[in-house]
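Protein chains: 2
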Amino acid sequence: MADTTLHSGTISGDLLIAGHAERGTGGVLRGVDASSGAALEPGFGGASKAQLDAACAAAWEAFDAYRETGLEQRAAFLEHIAGNILELGDALIDRCVAETGLPRPRIEGERARTAGQLRLFAGVLRDGGFLDLRIDPAQPDRKPLPRVDLRLRNIAIGPVAVFGASNFPLAFSVAGGDTASALAAGCPVIVKAHEAHPGTSELVGGAIAEAVSACGLPGGVFSLIFAEDRAIAQALVADPRIKAVGFTGSRAGGLALMKIAQERHEPIPVYAEMSSINPVILFEGALAERAAAIAPAFAAALSMGAGQFCTNPGLILAIDGPGLDRFLGAAAEAVAALPGAGMLTPGIHAAYDRATASLAAHSQVATLARGKTGGTYACQAALFSTTAVDFLAHRTLQEEVFGAASLVVRCADIGSLHKVIEALEGQLTVSLHLAESDIENARLLMPLLERKVGRILAGGFGTGVEVGHAMVHGGPYPATSDGRSTSVGSLAIHRFLRPVSYQDLPQALLPEALHDGNPLALPRLLDGKAAAG
Amino acid sequence: MADTTLHSGTISGDLLIAGHAERGTGGVLRGVDASSGAALEPGFGGASKAQLDAACAAAWEAFDAYRETGLEQRAAFLEHIAGNILELGDALIDRCVAETGLPRPRIEGERARTAGQLRLFAGVLRDGGFLDLRIDPAQPDRKPLPRVDLRLRNIAIGPVAVFGASNFPLAFSVAGGDTASALAAGCPVIVKAHEAHPGTSELVGGAIAEAVSACGLPGGVFSLIFAEDRAIAQALVADPRIKAVGFTGSRAGGLALMKIAQERHEPIPVYAEMSSINPVILFEGALAERAAAIAPAFAAALSMGAGQFCTNPGLILAIDGPGLDRFLGAAAEAVAALPGAGMLTPGIHAAYDRATASLAAHSQVATLARGKTGGTYACQAALFSTTAVDFLAHRTLQEEVFGAASLVVRCADIGSLHKVIEALEGQLTVSLHLAESDIENARLLMPLLERKVGRILAGGFGTGVEVGHAMVHGGPYPATSDGRSTSVGSLAIHRFLRPVSYQDLPQALLPEALHDGNPLALPRLLDGKAAAG
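Chains as they are written, first to last, in my numbering: chain A, 812 to 1344; chain B, 812 to 1344.
It should be emphasised that the hints constitute simulated quantities derived from the structure, not laboratory data. Relax, there's no trap hidden among the hints.
Quick list of in silico lysine to aspartate or glutamate cross-link-like pairs, EDC-like style, CA-CA up to 16 Å: (1) B/LYS1340 - A/ASP938; (2) B/LYS1263 - A/GLU1077; (3) A/LYS1263 - B/GLU1077; (4) A/LYS954 - B/GLU1277; (5) B/LYS1263 - B/GLU1236; (6) B/LYS1263 - A/ASP875; (7) B/LYS954 - A/GLU1277.
Here are a few chain B residues that sit away from chain A, every Cβ distance over 10 Å (derived from the structure): (8) PRO853; (9) ASP952; (10) ALA1189; (11) THR1197; (12) THR1198.
Just a sample of chain B residues kept apart from chain A, beta carbon distances all over 10 Å, derived: (13) SER859; (14) ALA868; (15) GLN884; (16) ALA887; (17) ARG915; (18) SER1024; (19) SER1174; (20) ALA1180.
If you're wondering where the values come from, they're calculated on a predicted model, not measured in any experiment. Even for Gly, the Cβ is constructed at its ideal location relative to N, Cα and C.
All chains, full assembly: derive it from the sequences and hints.
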């Protein structure tokens, strides 16, 4: 029946528990047409506690077998999911556009990224470097004590709970980055669908479930649940069979999950991506050289996806002067011309309106420009400004506004700019706009920036997160709950792995990847040095 | 003055704050002769809140400069520390023996291990692989969108608080594994000395401080504090300038630090190694073949260092039968012959006596043997037994007894053995004793064992932790607070690193390790593939 869902593109409103479609008995939730606020058919049954328990039991049951599947088998599985998602065709795109209000080309691009992520991890699996295989051979004649034979590999951490994100209905939801990296690591996954796009979630869930079945894997490798009751989501994180959590969303939501995870008998890691205002630093030379050109590029980045990106440029830092004045004039003009763009949900729209109204009413904040209004749930872009002194005096001005709003902080001099940056919380990105004459000032800032963010970029904006090997989409708290990792790119697989060491074991008990003679021809370290395959 | 301490081997009782000796003004504590319980001279001044604050400020101040020192400079610094520790000669050994009651050859061996660890990390630095350098070059002509230039490296996480361990006065204390890996990563370190060996701590602290000065590093790279008041240790973990914590000790102590770290405005990782009973599985074939030979080896491992090892074999699992009876007879004989051995502190001795008395009085536990008594604070070894059914019914039987005590769990059959293992909490190690005929039974157990422990070994016991590249000294909670890492071996450096990505930055702003042309000749991944230096 997972198969039927896949090929027909029909949406049943059922849960997918370990390969079986099943009506959720814990209340009903519905998708909403983002442009009109009208409820979409069908209703989705929320999971009951017993249904959640069944999903956890199946994931646990599948874990040992799944984590020992061959690298090629797991790679082919990920590729099969990618193929299935593309095969869903317009049925997926249409539903996703309806549920999110995002433009069709954006959703098509996100679908390509989602497939690309799955294929990237297939490549990571075939490469095998992520296993971090190490062998320190025995030295029976070492004095004063002989040395034992030690071999190490990474293994999967256990079943992972993934919380779909509102703003990336494909690339950070059911088959998104967290799911792809966890499945690649060898972890069964239980996804809690985001209530903003349940139909999209069911279609993609069906694509995964079909791949599980077609690849001969245990059904418990994947389950998809809807939760009408917040207690179900909390129970998922608290379940002792869940060993890690991936989450993208609000700071309050992430903190709540972190608390549950810490209070378990066995605390587990939560990888929560929470809030970031992504400072943009406009250096004096760059402003002198091209203030008028930076402004429209900024407005375009600000308004992309109605500003609903975790890497949205929410803060502009610059030193007062004619260059900044020119930029502000041009930016105000560009922002004022921005059309209203539909937001993901009525709730997100309401929160955006509250936050911008609060900034507009703030005694130390000036409104430089508002964009055009639009449909009922459209985001009206906003550009505000304040001074460094006031920014430092009012910590709430650092709070993320989810949507196309940005705050300019005018600094008196470079010392004041440093102080503002030092006062910032952890961020996903910082963007530098530089001329040749700014290099020395930027160089002095680098240590401070490295301490504050996960990615430092020049000449652009943080939006547009390349999926590759050198990407870090992460950053110090509260940008994420764990700045030691990334949620985008091949490095993300390490979030779901832990090392195990084998000492003096007979070959028959060692994993094949660590056998003498390297039968799987994988990269290994021999006494800490790279050994030929 | 750090220099004077080093070369004279005299002990002043002073704190070492960023290279300066300074009398602690927060109360006085004293070392104790472990064999007599008599207080040793001199008194050590505990740090005040202001002195702690000065250490944190200096560490923060030193951080940016220290983390950007060259790999060779940092490697030479670690080697310099190792040399200084050896140069302390008998002054260090004598004081350490007095404070811990551990035999002189053990302390000498531990000193060699401590120097070896520092040198291992010097090698890790020169190799450079830990930086995980990655470059995904720009593809300006890619369709539909050009690809940006992305480069990644690991940077140090920030100043680290290290809590010295009672049972490894050298290898897991002031210049122990946590300090060595944190310094290697580029993190300044503040050590809170364990109150059981303050004199040893001061001598080793002086060795580090002299190396900091000799290598031209900022003084804040290292501070050593004594804490008479527990609130000072807590304030160290709570200080916003501290970004990670290394701890080896009791479960209660580790949990308390985890709680403080989680409740900070910015939560930070705590790497706490807490408790483990290190199951030993005696398979039937092995017992049939050599029960009598395993028994004395077990007794030797049990009593090494008076059993005060985190890898001490505290639990024996085997299937009932004549083989097990033979083992128990021989083991009881070997344990009964064990001499009393001095314990680290009167407090540890008292806790050991309470725990063994409680086991002896347990209605479902039989005492198979007690070792010989000894001096006032000597550990009297103990061997207990119970059945699988009773072990499963009484969770407290899983609690670690710190000292030379072990509990045999007699299992009716292989199913019962599985159930006992499944009920165990996370462990550092499991030891398998096997004959050829046991391989198949052991193979079936492997997935379960991998889920429970950090290191699986055959034919020996967990004591004796080899310091190398393939070692994992860690394991699922509560063996450690974070099973994704190790506290021993080269992999430990990753606990104190986080990745940063650089996008489209001009060469002048990139760290040299990521410059075009690879001027530092370091290992790098190009588009995810190993590139030649």
